[in-house]
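These protein sequence lines are chains A and B, in that order. Everything in the first sequence is counted per the numbering used here, starting at 1 for the first residue and increasing by one. Everything in the second sequence is counted per the numbering used here, starting at 1 for the first residue and increasing by one.
By construction, these hints were calculated from the structure, which means they are not laboratory data.
Listed below are the simulated SDA-like cross-link pairs for lysine to any residue, each with C-alpha atoms no more than 20 Å apart in a straight line:
{"id": "1", "chain 1": "A", "residue 1": "155", "chain 2": "B", "residue 2": "37"}
{"id": "2", "chain 1": "A", "residue 1": "258", "chain 2": "B", "residue 2": "165"}
{"id": "3", "chain 1": "A", "residue 1": "258", "chain 2": "B", "residue 2": "158"}
{"id": "4", "chain 1": "A", "residue 1": "258", "chain 2": "B", "residue 2": "162"}
{"id": "5", "chain 1": "A", "residue 1": "258", "chain 2": "B", "residue 2": "166"}
{"id": "6", "chain 1": "A", "residue 1": "155", "chain 2": "B", "residue 2": "28"}
{"id": "7", "chain 1": "A", "residue 1": "155", "chain 2": "B", "residue 2": "276"}
{"id": "8", "chain 1": "A", "residue 1": "258", "chain 2": "B", "residue 2": "156"}
{"id": "9", "chain 1": "A", "residue 1": "258", "chain 2": "B", "residue 2": "262"}
{"id": "10", "chain 1": "A", "residue 1": "258", "chain 2": "B", "residue 2": "164"}
{"id": "11", "chain 1": "A", "residue 1": "69", "chain 2": "B", "residue 2": "153"}
{"id": "12", "chain 1": "A", "residue 1": "258", "chain 2": "B", "residue 2": "151"}
{"id": "13", "chain 1": "A", "residue 1": "258", "chain 2": "B", "residue 2": "150"}
{"id": "14", "chain 1": "A", "residue 1": "258", "chain 2": "B", "residue 2": "154"}
{"id": "15", "chain 1": "A", "residue 1": "258", "chain 2": "B", "residue 2": "163"}
{"id": "16", "chain 1": "B", "residue 1": "229", "chain 2": "B", "residue 2": "210"}
{"id": "17", "chain 1": "A", "residue 1": "155", "chain 2": "B", "residue 2": "277"}
{"id": "18", "chain 1": "A", "residue 1": "155", "chain 2": "B", "residue 2": "34"}
{"id": "19", "chain 1": "A", "residue 1": "63", "chain 2": "A", "residue 2": "241"}
{"id": "20", "chain 1": "A", "residue 1": "258", "chain 2": "B", "residue 2": "153"}
{"id": "21", "chain 1": "A", "residue 1": "258", "chain 2": "B", "residue 2": "161"}
{"id": "22", "chain 1": "A", "residue 1": "155", "chain 2": "B", "residue 2": "272"}
{"id": "23", "chain 1": "A", "residue 1": "155", "chain 2": "A", "residue 2": "242"}
{"id": "24", "chain 1": "B", "residue 1": "179", "chain 2": "B", "residue 2": "150"}
{"id": "25", "chain 1": "A", "residue 1": "155", "chain 2": "B", "residue 2": "33"}
{"id": "26", "chain 1": "A", "residue 1": "258", "chain 2": "B", "residue 2": "155"}
{"id": "27", "chain 1": "A", "residue 1": "155", "chain 2": "B", "residue 2": "27"}
Covered stretches of chain B (chain A as the covering partner; in silico rule of three or more C-beta atoms under 8 Å from a C-beta of chain A):
{"id": "28", "stretch": "19-28"}
{"id": "29", "stretch": "148-157"}
{"id": "30", "stretch": "240-253"}
{"id": "31", "stretch": "275-282"}
All residues carry an ideal CB built from backbone N, CA and C; glycine is no exception.
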Amino acid sequence: MDAAAINVVKSKKSSLSSFRQNIIVRRFLSNRMAVTGCILLSLIFLMAVLAPLLASQPPLQMKVTDRLKAPSAEHWFGTDEFGRDVYSRVLYGSRISMMVGLSVVVISSGLGLILGLYSAYYRRLDNLIMRVNDGLMAFPAILLAIAIMAALGPKIENVIISISVVYIPTVARTVRSAAIVVREQTYIEAIRALGGRSWRIIWFHIAPNCMSPLIIQATFIFAYAVIIEASLSFLGAGTPPPQPSWGNILSDGRTLMKQAWWIMVFPGIAIVMTVLGLNLIGDGLRDLLDPHTNKAKG
Amino acid sequence: MAKYLLMRILSLLPVLAVVAVVDFIIIHLTPGDPAAVILGSDATDFDLARLREQLGLNLPIYVQFGRWLWGVLQGNLGWSIFMDMPVTTAIWQHLGPTVSLTVMAEAIAIVLAIPIGVMAAVNRGTWIDQSFMTLALLGISIPSFWIGLNFILLFAVQLNWLPAAGYQPLSNGLLNHLKYLIMPAVSLGIMQGALIARMTRSSLLEVLNENYIRTAEAKGLNRWIVIYKHALRNAFIPILTVIGLTFAVLIGGAVVTETVFNIPGIGKLIVTSVLRRDYVVIQGTVLMTAAAYVLINLLVDLTYAWIDPRVRLAK
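Please build the complete structure, drawing on both the sequences and the hints.
Structure (structure tokens):
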């Protein structure tokens, strides 16, 4: 084949894949639930990024004369027992949730992908990795995270580490089950017969075909990570005060519930919006990328 | 069946071994000297050395692990210095409320979720399906502890119908027991129920497309008999799997829910131990919880075999 012919083939291939991408994007956008999810999540992202601009005052600024003020034009979400503005604190809290959620997704997807792929490709490794996986998955997620936090101490980095450890096995298992199917395909055999090296087969031929389940899983892990971070901080084992996180604002609100309902209500709404948004996106992606549920939908 | 049972139990051994190793390692990740943490900053070198010896901290790590594992196998999870009692006794004292709470939450979840899932599947695409599934989606998106806080705000603070927090054991009367447990159990059961309802719907939808369902309907059988006897029974395995797997979500939720409602259960024990860094208790309780989770999933697997002969006869 001469160079021109190769170019024609390449351009056809790329126009075909961009056509397919176009269809996927259009189908995703026609799913009203998924679009709602994207809007909700974008709102929270904007809140996190623009927190310094949107906040009415610094989240740590105290004013004793403004203690436990109900929501008003001046303090949209009211104030807490130190006279700090709850609206500004919820805004800044979104930064913690987004940072923890994203970091957990990146770390657990990355390490889980590596473990899952290698465990599917090398059968000897498989037994070892999957048994350790089973053991780790036997711990209820929050409990494992709490135990790790207890050992490492309450710091935001440790929150990220502990929640990532919890979800690496989940990702590894998902990737492995997708990769095992791909491994048996004829084209993998063909590449091997042509002398393709193992790392090339794993990363260039198997990995791209395991992306759909990984992406769906990552969306839900993001949602769980937000809930677990909030739970840990609520229990006093997560983001240490005075730095605001939705969980530790809720924890302040719990003790002051009788006098000041607003401290407890608004961060909760923020958590629900985030998690709901992520679940909507996850469901939408699953309908789109997972042929199994497509079939069930008829 | 006996062979199946034996195989399943044997397959648990490596899992439990990993659980033990991980549980042991986590606690030893602690930076610094555990003896210094326990005794505080004004401890003398002599006291520190004595405590280290008492806890076996001066031994090589594998010897410490061996001793600990040997103890665990004999039912000895260590001694809590803070509570001045064996960890097993502490767990035993806190077990009742957690069992009551989780069993009640699971029961509420199942009783609500399966009919909801069935209704949604049978009326697929209608407003019934859409509203139930929207509710289920909300259910998996609202953290149980926030539902709990809202319940307290509404039913205890505003309406004054139920006690805001606390726990009464069953021995103080069933009504009293339920009065304290209903709010925590419902708030804990909602997420669980939502997960089960979603799985019931999708699993039933798959079965409803099968030919034998069409045959049963063509025979003129009553629609509900077809759904409950023919379809649901075959849809049940994925539903059971979800019930088993999400039991972990339930236990995790219980930890936080117990703190919200001030229930003296395992969750409260763990949280208190974390706050005062009582590592022996954390280690023991986390180990017991993971073991319980493994056993529950074993029971779920055995239930499959009981419901579905294909599972127990498969080689």
